[in-house]
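Since the structure of chain W is provided, determine the placement of chains L, S and R on it from the hints.
Chains as they are written, first to last, in my numbering: chain W, 1 to 360; chain L, 1 to 360; chain S, 1 to 360; chain R, 1 to 360.
Derived by calculation from the structure, the hints in this document are not laboratory data. Do not rely on the hints blindly, as some may be mistaken.
[Claimed, not checked] Between beta-carbon pairs, the in silico distance windows are: (1) S:A106 / W:R349: 29 to 37 Å; (2) R:A148 / S:D49: 44 to 52 Å; (3) R:G285 / S:A13: 24 to 32 Å; (4) L:G285 / R:P28: 33 to 41 Å; (5) R:R30 / L:A142: 48 to 56 Å; (6) R:V31 / W:A352: 57 to 65 Å; (7) S:R355 / L:Q220: 35 to 43 Å; (8) W:G150 / L:G300: 29 to 37 Å; (9) L:G180 / S:R355: 33 to 41 Å; (10) S:P215 / L:E2: 25 to 33 Å; (11) L:E2 / R:D338: 55 to 63 Å; (12) W:A352 / R:M354: 14 to 22 Å; (13) S:P215 / L:G180: 22 to 30 Å; (14) S:A106 / W:D108: 54 to 62 Å.
Using N, Cα and C, we set each Cβ at its ideal position, and we do this for glycine too.
There are 4 protein chains.
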Amino acid sequence: MEPGPGNAITDVAGVRVGHTTLIRGDGPLRVGEGPVRTGVTVIVPHDGDVWREPLFAGPHRLNGNGELTGLEWIREHGMLAGAIGITNTHSVGVVHDALIEAGARAHDMSDAIWALPVVGETYDGALNDINGFHVRPNHVHAALAEAADGEVAEGNVGGGTGMVCHEFKGGIGTASRRAGDWTVGVLVQANYGSRDLLRIDGVPVGAAIPTSEVPSAWDQVDVLSARGGAEGGSIIGIVATDAPLLPHQCARLAQRVGMGVARMGSYASHGSGDLFLCFATGNRGLSFRAGEDDPRPTVGLRMVVDEHINPLFEGVAEATEEAIVNALLAAETMTGRDGITAHALEPGRLVAIMREHGRV
Amino acid sequence: MEPGPGNAITDVAGVRVGHTTLIRGDGPLRVGEGPVRTGVTVIVPHDGDVWREPLFAGPHRLNGNGELTGLEWIREHGMLAGAIGITNTHSVGVVHDALIEAGARAHDMSDAIWALPVVGETYDGALNDINGFHVRPNHVHAALAEAADGEVAEGNVGGGTGMVCHEFKGGIGTASRRAGDWTVGVLVQANYGSRDLLRIDGVPVGAAIPTSEVPSAWDQVDVLSARGGAEGGSIIGIVATDAPLLPHQCARLAQRVGMGVARMGSYASHGSGDLFLCFATGNRGLSFRAGEDDPRPTVGLRMVVDEHINPLFEGVAEATEEAIVNALLAAETMTGRDGITAHALEPGRLVAIMREHGRV
Amino acid sequence: MEPGPGNAITDVAGVRVGHTTLIRGDGPLRVGEGPVRTGVTVIVPHDGDVWREPLFAGPHRLNGNGELTGLEWIREHGMLAGAIGITNTHSVGVVHDALIEAGARAHDMSDAIWALPVVGETYDGALNDINGFHVRPNHVHAALAEAADGEVAEGNVGGGTGMVCHEFKGGIGTASRRAGDWTVGVLVQANYGSRDLLRIDGVPVGAAIPTSEVPSAWDQVDVLSARGGAEGGSIIGIVATDAPLLPHQCARLAQRVGMGVARMGSYASHGSGDLFLCFATGNRGLSFRAGEDDPRPTVGLRMVVDEHINPLFEGVAEATEEAIVNALLAAETMTGRDGITAHALEPGRLVAIMREHGRV
Amino acid sequence: MEPGPGNAITDVAGVRVGHTTLIRGDGPLRVGEGPVRTGVTVIVPHDGDVWREPLFAGPHRLNGNGELTGLEWIREHGMLAGAIGITNTHSVGVVHDALIEAGARAHDMSDAIWALPVVGETYDGALNDINGFHVRPNHVHAALAEAADGEVAEGNVGGGTGMVCHEFKGGIGTASRRAGDWTVGVLVQANYGSRDLLRIDGVPVGAAIPTSEVPSAWDQVDVLSARGGAEGGSIIGIVATDAPLLPHQCARLAQRVGMGVARMGSYASHGSGDLFLCFATGNRGLSFRAGEDDPRPTVGLRMVVDEHINPLFEGVAEATEEAIVNALLAAETMTGRDGITAHALEPGRLVAIMREHGRV
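Isolated chain W, as found in the complex (with noise of 0.2 Å):
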């Protein structure tokens, strides 16, 4: 399938990006010092008031050791309310009360606004001091500011800046397909897997580069945390569509997440929250409560046909393998706390692998 002009989930029309990235400090780890290699990423789903008013959405969880707050609502009315954030794991109540802010700020702090925002989270101690706690409020409402269509920076940036995957440096990464007239995109925070398990376009690449020849960053880490380790990590993955899926149609997306991630060569350990998330953009106007403001009792839908929606199922599960492997790719080689390395996934070695085994 054909990706989008941008290849991201920014493809989808107004869908918005924004991360702010925290590096600072080297060397042993002083907890509340640093060093600090985490941040937070933002995705602002429309182009309107995204805290008043809300998009069909569903979620899907394939394991969930991790946290994705705001499901219940969402599973219940089927909408996504304000912007999602991801970051670190300790850092997803700081996240949440901020884009709590963030919406009252957008109000006056005397209106009604959204409260049960979508934060999720994975695990970026083996090169952050996570228990350090170096997210604040204002890192939140900067990512919020900077946040824009376009190209998204990928690799080390925002809550994917310390992450690990595949026992490659791991974080942000993203694609998008073209289902007929209809634009899908995922982004994912990737920060899942042994090395072994890798495979890229079905090619066993994990095997063919082990980690006694590029070294892993949890070998490195002398007490390894309920959700780190080589068989820990997790991936947040978020999809857009600009298709008018219902809810149940966006969960449906969601799921098709983890065929991707299965692809990769993951089987969803134990230790993995492997949490999905799709909206859709292509029903605008919705309420989540119209109150006096909207005496409208029904108001009108578009759905995709189930005949038709193969195509995103597809691109979904598609887009999403891309959009690791280009987090792999984007990941430069870092150094974080008590001088643990993560090392990236070299191009030029993945290339010489994929052509050994017939592809490119």
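Below, chains L, S and R alone, put in the same frame as chain W:
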């Protein structure tokens, strides 16, 4: 809230209900011969070609000790196709295949029809020779042929023929409520609960008529099946509305059936199969396989704005309560296999008890 | 059924409850200054190292217009780790990160601790300066430090400080029931429902005390938030039991909280966040990351045989009803921001109404 | 990972598989007469009284365009009782009732037996007279009677007789993996997917053998049913393990079947019924109704510690991939109704393609 003109699920335009009631023989149980106290009830959800044109729908499981087939597909694509069947536990299969056959017959046996029907059940083994498998395909076809709008027979009819509820004679009951311009109707096959728990409009009616006064059928059964007994039993609840609900909104209404059941005193015991399904006729012209015949990539819909959904929620809870009461009051005392008798709730007695508690 | 010795969730051995109550200022709302009518309640689920030793647990969503974080992980591996926090809607994040910090502090900030805490909320914006974000990390640490077994303060305390229930003053309530050798306890933060719906033991108490007689706080609010209003509000329900339940059995108990809520007259309105979680202390010694420390491939457990689970179901429904009544009766009339007043349900009045309906 | 001794689901001790294969007639379709290309496969989950002694179990829905009955009860109490049946779409009911009858017969027709059987299906209407309803109760009883451990016939047998997979001849396949001291086995009825998507061990085999070279059965079908076609089809996957898994852990394994399916190239198309169920024999002696016979309030269990569950996850994904390949390689070219032919995947051709891609 006000009931619809017939106070029945058929107040939702296009909904039809048909029963085949099987009552035959008396005396000791001879498996395969009788006595027979069973049947099948069908609900035809709209007045078009139900085998090809689906409606939005959503289920809820309050307690899953029961069967309601077809739910995986309803959860996945949010639609109900075909007629719904309700019968005894050991006749789910025959009704299932007969519904497929009915769809095929309606399309010359050679065409593409629907094949994942919805069939629910409760256990009538206290009164009926349930291991005799007395429901046959022709009983399903007969119920479909006689399905009609207007008045719905209640009590000892169709799938409800041999049912027991709160240790009184139970069976089929229905009720409806007006919610602004919309109507919501509920039909139950009521076969659950112990006597002492029964409450009507909050009044502890069951405690006022102990089984020492009006005996329980279950106390007369020698060997209790895994799904019988005063603490077993089940209730199937089908909700219809003409409001244009999306699938996830239907599921929300379905969960409110359980709130009506709770108000009747039930706590949804372990042995109970309390399964509910809501469908909405407010969007017509949907397809589940447009194929070459239908090149539409999208269709237009209407959706109830969530801020206006509360009267539908409240209507479901109220109509469920009244449907159960109607089942109890319409059912007449019945003696079944081995002379086991399920006694009716006597209306005069009920009125007297309500009066003592400051009602009526 | 009989209550436990304290008629509280703390009747389950090892369960501790702590509150930090924030009441400060009077008069007009000045965002960031007050008046403050809020707080945080913590439930510590057992007497061991809760940050490292989990318990089996399971949730239920009756209506999802609310937040209860950590549920994806509980659904996935069936276990709750750490203390539970309950607060106002805009303080979920600060409580979330403070609970992570508390766990890290308890293990020298350098160790592998848990990081997916459970934090629930209801909306106290009628009385409280909710956009002032007055709950701070130290309030969470204080609630943890004072958490105790024995008597639980109810009404205007902790997370329940500024809550409104059935348009009376609401807040924290708790109750318990004995089920054979087991105990089941429920704690609610009650903030839901309109006046007219309120029923107590089936008696229509709300209809007997209309808002024309005892005014509603919501009628005094100018701009209703998306989650406030008489038809909004929410209820968080936490269930504890010493019965050895497996995770799916915990989820079954959690659904029965909704049956208690239904008996109180609620139909779980669209604006309500009715989220429930049950945990079971009957299996101890579980781990969520054994790692090198724990080479056990399997552990021994006990499980309640399902045929004996009904008293626990019934106990949850009953204890939920009584916990809500206890919240209403313990809460005192409170005046908050802009002079808005939530009136208490007057006990003498309640007794009189019950008497008129043949109770007491 | 290493397969078990038989590389089959029967490597899990006590698991037995039986098939009844129905192949009769040739030439044009005459509904009710044939040609017949169908059957039924049964899986008996342990060597005890399966109608009375359940096992822990858990399901997953990858795509719900299919039926797998009995799931509501499995989701509710976490247990599977009785034998599992797999057949064609229009024979679910007859198999369902026949399994109830088999259970009743095994207990003298007069006793309390199980009545909520698990029956799955895929659509064989390309080759089979599916509207002829050729599966009869005696075919189910025969499959049960011949159910055996040891070698499992694969390909055109039992429920898989008339199935088509990736537009090659499909059917029944099985494989197993050793995970430490435990074994996990998978059996599939494979009937899904388009040719171009097929990948084996990551190699794009389907693209290398286009339908212009080896024709597709679906291209020979005039009228496609709602559930047929190259993008329709379905796969039922049953997982067995001797590890002592709890119900929620079984559901986690069931989701990993979908990861194996994804690796084969599928994106789980809209028309696909991809339903999976895992059961675990590692805890025996459970009951689903102890009643008077069993006064035990609790029973002792063992549970796999989650940190040791990854090899089981990985084993399911691998065994699923191999079970599908085994189905494709065991199935022989078959001509069915109206002369429609489904061609086998030729093993020599497969080996050559794998070699070109640096495998084997």
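Verification of the supplied hints:
Between A106 (chain S) and R349 (chain W) the C-beta distance comes to about 44 Å, which lies outside the given range of 29 to 37 Å. Evaluation of the 44 to 52 Å hint for A148 (chain R) and D49 (chain S) yields a pass: the beta carbon distance comes to about 50 Å. At about 28 Å, the CB distance of G285 (chain R) to A13 (chain S) agrees with the hint of 24 to 32 Å. Against the hinted window of 33 to 41 Å, the Cβ-Cβ separation of G285 (chain L) and P28 (chain R) comes to about 35 Å, which satisfies the hint.
In this structure the supplied range 48 to 56 Å is violated for R30 (chain R) paired with A142 (chain L), their Cβ-Cβ distance being about 27 Å. Restraint check, V31 (chain R) to A352 (chain W): a C-beta distance of roughly 59 Å satisfies the suggested window 57 to 65 Å. For R355 (chain S) and Q220 (chain L), the Cβ-Cβ distance of about 39 Å falls inside the hinted range of 35 to 43 Å, so the restraint holds. Against the hinted window of 29 to 37 Å, the Cβ-Cβ separation of G150 (chain W) and G300 (chain L) comes to about 32 Å, which satisfies the hint.
The hinted range of 33 to 41 Å is satisfied by G180 (chain L) and R355 (chain S), whose Cβ atoms lie roughly 37 Å apart. Evaluation of the 25 to 33 Å hint for P215 (chain S) and E2 (chain L) yields a pass: the beta carbon distance comes to about 28 Å. In this structure the supplied range 55 to 63 Å holds for E2 (chain L) paired with D338 (chain R), their Cβ-Cβ distance being about 57 Å. Between A352 (chain W) and M354 (chain R) the beta carbon distance is about 21 Å. The supplied range of 14 to 22 Å therefore holds.
Between P215 (chain S) and G180 (chain L) the beta carbons are some 27 Å apart, a value that agrees with the proposed interval 22 to 30 Å. Our hint of 54 to 62 Å for A106 (chain S) and D108 (chain W) is violated, since their Cβ atoms are close to 41 Å apart.
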